[in-house]
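**Q** Listed below are the residues making up each chain.
Protein chains: 2
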Amino acid sequence: MGEWEDEEERAYFQSVISAFKYYRTYSLQRIAKSEQYFKSLPDHHQKLMECYLQHLNIIKNCVEANDYLIKMIIKDADYMFSNVNPVDQNNIQPERKSCYDPIITEILSEFPPDGKKPEDVKILVPGAGLGRLAFEIAKLGYTCQGNEFSLFMLLASQFVLNKCCNTNIHKVYPWVHQFVNNLKPEHQTQSVSFPDINPRDLSTNSSFTMAAGDFLEVYTEDNVWDCVATCFFIDCANNVAAFIETIYKILKPGGIWINLGPLLYHFSDVPQEDSIEPSYEVVRQIIVGLGFVIEKEKMDVSTSYAQNPNSMLQYQYRSVFFICRKCLNV
Amino acid sequence: MGEWEDEEERAYFQSVISAFKYYRTYSLQRIAKSEQYFKSLPDHHQKLMECYLQHLNIIKNCVEANDYLIKMIIKDADYMFSNVNPVDQNNIQPERKSCYDPIITEILSEFPPDGKKPEDVKILVPGAGLGRLAFEIAKLGYTCQGNEFSLFMLLASQFVLNKCCNTNIHKVYPWVHQFVNNLKPEHQTQSVSFPDINPRDLSTNSSFTMAAGDFLEVYTEDNVWDCVATCFFIDCANNVAAFIETIYKILKPGGIWINLGPLLYHFSDVPQEDSIEPSYEVVRQIIVGLGFVIEKEKMDVSTSYAQNPNSMLQYQYRSVFFICRKCLNV
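Chains as they are written, first to last, in the working numbering: chain W, 939 to 1268; chain S, 939 to 1268.
No lab work stands behind these hints, which were simulated from the structure alone.
Repeated chains share a single entry, so a pair holds when one copy, or any two copies, can fit it.
With a Cα cut of at most 27 Å, we get these calculated DSSO-like pairs of lysine-lysine: (1) K959 <-> K1101; (2) K1187 <-> K1054; (3) K998 <-> K1013; (4) K1187 <-> K985; (5) K1077 <-> K1054; (6) K985 <-> K1236; (7) K1187 <-> K977; (8) K985 <-> K1234; (9) K998 <-> K1101; (10) K1054 <-> K1234; (11) K1077 <-> K1190; (12) K1190 <-> K985; (13) K1236 <-> K1122; (14) K1055 <-> K1234; (15) K1234 <-> K1122.
In isolation and in its complexed conformation, chain W is listed as follows (with noise of 0.2 Å):
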């Protein structure tokens, strides 16, 4: 990924940047119309609910402490703007997924690490989010990259990546939007904290890049990688047969992708976005048409995803689990 150089991409990065200022006056005006339809309600009816009053007044401190966290996130966008590489990074991040250990017991088994040295072997992971696969990848051992589009997400890992160097230094209040579905009060303004690892205890002779852009554009040379690895990635496709054969495309012959994730489709019904939803029963018609085999295969693993254990309103998504091998003679 080159440098944010042409006027389309720059507007891109000036409209993150802005949504991120943005954070604090839109999140207090959502509390001010609460506080003054409270106010307007019956006395009796005020009184009968005193401390949801209060309880908005500090939900307005959690998001005055979540911009802190902002203005330091893109504190130094300007320079990662300038930067010809800017997100490029000999780092790390934090954010545990239970549902990165089926995926790192499969690259273990596939490519255990007394046999060829790990450091030969070359796994990509795209839609790396915050870079944290990724990065417990490159733990082992393994040259990994994590690749990323949304600069969301690119911004808030170089913060964590090259801003943190010790273990939870930092609060967010991850759910203080939720309104709804609270049994108490405190489990909308729970905290956690972060990194819960210290980005620089990565060895320095491990290899873990991010890499910035679009997976279809950036990787278009053939036969590269070992292992692609992908994590409720698929489905951020507007085609998702173009995603499947790019990684059949990249990986060397005999290199495998594993995948785990459901199909949530992230562009079906989205306004000017092109968007076809395929089933799983055609997405694997996809796969084996590619040239892919399947060697393992798993429904209904239960896997979740950023979800406030505490809510009222539980998500499960019965996400599909898969290993399949680019042929050896291609």
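Use these hints to put chain S onto chain W, whose structure you have.
**A** Coordinates of chain S only, in the frame set by chain W:
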């Protein structure tokens, strides 16, 4: 509930009818957009998922079937509109909900059929939707009224209660618009038959009515009901305290309120709508503060709502269930 006589109500009625009428056009446009994008893909991608195009055609047929049903539902709408008591009916309706069981169990235990004559027990079900819970209660012999505000619901319940005189005579495709998280194409196009019971099976001496209108406006008379049963209802309020206060007022002294549901707060973040969203802890303070005595209380009651059982994304509400009583001496 009287006539739809004022201009505002007439306009609301027309907007609901328009929405029903627009269903087919909108749905087919949505499918055409995917079709168009699919046909713009490289030929070899189209070949890899040929059956997806056939699937889109099957979806069209499901939409046509749903639209046929909608036309039947709104056929008598004008007649209904001019009727003095548009949706009061001595009738019944379908759709079984597992979350009704704890409520019905409680009613049977509080008002045992071998005690006070069931027909002398007056039970109100606000937010009755299609009326099924109220129907089940009436079937047990109690005098039961369902109250519903949404004309979408009222039109559908009128159709089922007055036009369906046998079981499983109609088919609907409830999940045809869920384009994402399907394991197989047929999970999107599966049908559901209704009604699952014959609405005419209610004994002639039973007393079941549906009343249209805003709960806070329709129920203004004190000390009328032996029991108010609410299921996924109290979070439909702008101000939940007003709902709870009304429930308290309209209950006879010694009467009980049975509630099951989450706190989704339907007006939260809806533009032009006022909303406060107190947590359950605060809702509980309102209940006790108004004079109710809580007799039973259970958290974490696992309930689902209109869920596609085959979807790769499953929602689960951890509902609150409680029973509280209005003091005898008020």
